[in-house]
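A.B. asks: Sequence lines, in order, name chains F and H.
Following our numbering, the numbering of the first sequence begins with 1 at its first residue and continues without gaps.
Following our numbering, the numbering of the second sequence begins with 214 at its first residue and continues without gaps.
It should be emphasised that the hints constitute simulated quantities derived from the structure, not laboratory data.
Treat each hint with caution, since some may be false.
Unchecked claim - Reference listing, derived: stretches of chain F covered by chain H, where coverage requires no fewer than 3 residues with Cβ under 8 Å from a Cβ of chain H:
| hint | segment |
| --- | --- |
| 1 | 21–32 |
| 2 | 85–97 |
| 3 | 138–152 |
| 4 | 177–183 |
| 5 | 188–195 |
| 6 | 199–208 |
What the hints assert, rightly or not - Derived DSSO-like pairs (lysine-lysine); straight-line CA-CA distance at most 27 Å:
| hint | chain 1 | residue 1 | chain 2 | residue 2 |
| --- | --- | --- | --- | --- |
| 7 | H | Lys265 | H | Lys240 |
| 8 | F | Lys57 | H | Lys265 |
| 9 | H | Lys289 | H | Lys240 |
| 10 | F | Lys57 | F | Lys44 |
| 11 | H | Lys334 | H | Lys313 |
| 12 | F | Lys105 | F | Lys93 |
| 13 | H | Lys297 | F | Lys195 |
| 14 | H | Lys352 | H | Lys320 |
| 15 | H | Lys331 | F | Lys7 |
| 16 | F | Lys85 | H | Lys236 |
| 17 | H | Lys334 | F | Lys65 |
| 18 | F | Lys44 | H | Lys297 |
| 19 | H | Lys275 | F | Lys185 |
| 20 | H | Lys331 | H | Lys275 |
| 21 | H | Lys341 | H | Lys331 |
| 22 | H | Lys375 | F | Lys197 |
| 23 | F | Lys93 | F | Lys44 |
| 24 | F | Lys195 | F | Lys75 |
| 25 | H | Lys297 | H | Lys373 |
| 26 | F | Lys57 | H | Lys275 |
| 27 | H | Lys289 | F | Lys188 |
| 28 | H | Lys297 | H | Lys313 |
| 29 | F | Lys188 | H | Lys336 |
| 30 | F | Lys197 | H | Lys275 |
| 31 | F | Lys44 | H | Lys352 |
| 32 | H | Lys297 | F | Lys185 |
| 33 | H | Lys265 | F | Lys65 |
| 34 | F | Lys75 | H | Lys375 |
| 35 | F | Lys197 | F | Lys65 |
| 36 | F | Lys195 | H | Lys352 |
| 37 | F | Lys75 | F | Lys65 |
| 38 | F | Lys188 | H | Lys265 |
| 39 | H | Lys341 | F | Lys7 |
All of these numbers come straight from a predicted model, not from anything done at the bench.
Glycine included, each C-beta is placed from N, C-alpha and C at the ideal position.
Below are the chains, spelled out letter by letter.
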Amino acid sequence: MPKFKVKRSSTWVDMTAMCDVAFLLLSFFILTAKFKPTEIVPIKSPTSRATEEVADKFVTFTVDKDGKVYMAVGKPDRKLQILDKFFELNKEKYANIPMNDQTKKLFVRQEIFGSPISQLPSVVTQSASNLMELQRAGKLTGIPTDSTDNQLADWIMAIRYVYAEEENEDQPPIAIKGDQDTNIKGVKRVIEILKEKDVNRYKLITMLEGKAD
Amino acid sequence: MADLDTSSGGGHGKHKGGVRSKKMSTKVDLTPMVDLAFLLISFFMLTTQLGKSVAMNLSMPKKDLNAPPTEVKESKVLNLIADKENTLWYYPGTTVAGLKQTDYTPKGIREIILDKQKEVKAKFGLDKEGDSQMIVLIKLTDDSNYKNMVDILDEMDITKTKIYAIQDIDPLELEAIANGGNAKTSD
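Sequences are here, hints too, so could you generate the full structure?
C.D. replies: Encoded structure:
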């Protein structure tokens, strides 16, 4: 009599393929992730429910914990135009500041600017890490906003001109970024100057809600 | 598939008398490795999502020195005043009186806004778009911080309050706050 053999299938599942897929995905996510660049001005933004993504095109005014104002322009070509416009509009006022193509190039390359215009030629020669150290030591004074020497207003005018000419936008894409502990006085001052210069629509940069820290 | 069958075959082989070297299986259990990989994937995906910056829109009225101040119905107005150390004062109407203290938790500010919304809705109904007609005036003392401002504006979004304005603080309000919420009697 023939024996009946019960065929037993193994419970072993080959995991190699799955492992390949998992690591492929892992490497993909790691490589495509955009790491937050080390910021020269450390900012811990408050959280909000807002959902609009922060775009590269924004001109961001950062107000740090001490109320100093810094400017960052997302698009390099706009940044150069803004600088040129700034000097064009205030020819007499800032005539004594030496500007050349090299200084302009360095200015555009620098991530953030937070000094009086008179210091621009020397500040732009600093490397990012030097700038960070200067910021930490409190040596960067921020863009002057007081009424006697309101350079922020001049910058805003330059920004408005550039965006009106280049992109036909009456309201430039200005964003305000503040640390959660920033005293409101500094932010209010920036808003006030924006209002004076007829910029009524802007963005506040915050973090997506739900981050546990 | 990827594993070689090198098992010794259960003993019904023909080399019974020969020297048998023990053959190890080349099968490696990859389950823990897959677990680890997926754990890392989820970790990276979650952390990249949450560290994102988002932009909040803010529109301010145009500066027009000749424009007359807008007249508003007093019973539609709610004033919120952000003060130091995350305290928040509020009072209804336009006369500075009876300031009460609250905080930024959902139980605090949100309840107050929603209560006022109900009150305004009962009195004036909703506007054409179906939004509340309540007007919130936001005032920030010099001791408040940026987080307070963002929190209040966020609360406007959560409670779907469409009419709000950031205003300068009134000296009377500062006095009332210094006085513990009661307006100073003018005597």
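A.B. asks: Under the criterion that the straight-line Cα-Cα distance not exceed 27 Å, is the pair Lys265 (chain H), Lys240 (chain H) satisfied?
C.D. replies: Cα-Cα ~43 Å, so violated.
A.B. asks: Checking one constraint from the list: CA of Lys44 (chain F) to CA of Lys297 (chain H), max 27 Å. Satisfied?
C.D. replies: 19 Å, holds
A.B. asks: Given the hinted pair Lys197 (chain F) and Lys65 (chain F), is their alpha-carbon gap at most 27 Å?
C.D. replies: 25 Å, holds
A.B. asks: Compare the distance between the alpha carbons of Lys331 (chain H) and Lys275 (chain H) with 27 Å, and conclude whether the hinted pair is satisfied.
C.D. replies: Distance of about 30 Å is beyond 27 Å: violated.
A.B. asks: With a cut-off of 27 Å on the C-alpha distance, tell me whether Lys341 (chain H) and Lys331 (chain H) pass.
C.D. replies: 17 Å, holds
A.B. asks: For the pair supplied as a hint, Lys75 (chain F) and Lys65 (chain F), is the alpha-carbon distance within the 27 Å limit?
C.D. replies: Given pair Lys75 (chain F), Lys65 (chain F) holds - Cα atoms ~26 Å apart, limit 27 Å.
A.B. asks: Hint check: Lys297 (chain H) vs Lys373 (chain H), CA-CA at most 27 Å. Holds or violated?
C.D. replies: The hint holds at about 26 Å.
A.B. asks: Would you mind confirming whether the straight-line C-alpha gap from Lys331 (chain H) to Lys7 (chain F) stays at or under 27 Å?
C.D. replies: Given pair Lys331 (chain H), Lys7 (chain F) is violated - Cα atoms ~73 Å apart, limit 27 Å.
A.B. asks: Please verify whether Lys44 (chain F) and Lys352 (chain H) have alpha carbons no more than 27 Å apart.
C.D. replies: 23 Å, holds
A.B. asks: Given the hinted pair Lys352 (chain H) and Lys320 (chain H), is their Cα-Cα distance within 27 Å?
C.D. replies: 20 Å, holds
A.B. asks: Would you check the hint for Lys297 (chain H) and Lys185 (chain F), treating anything up to 27 Å between C-alpha atoms as holding?
C.D. replies: With a Cα-Cα distance of about 12 Å, the restraint between Lys297 (chain H) and Lys185 (chain F) holds, given a limit of 27 Å.
A.B. asks: Between Lys297 (chain H) and Lys195 (chain F), is the straight-line Cα distance small enough, at 27 Å or below?
C.D. replies: 25 Å, holds
In summary, the numbered hints that this structure violates are 2, 3, 7, 9, 15, 16, 17, 20, 23, 29, 34 and 39.
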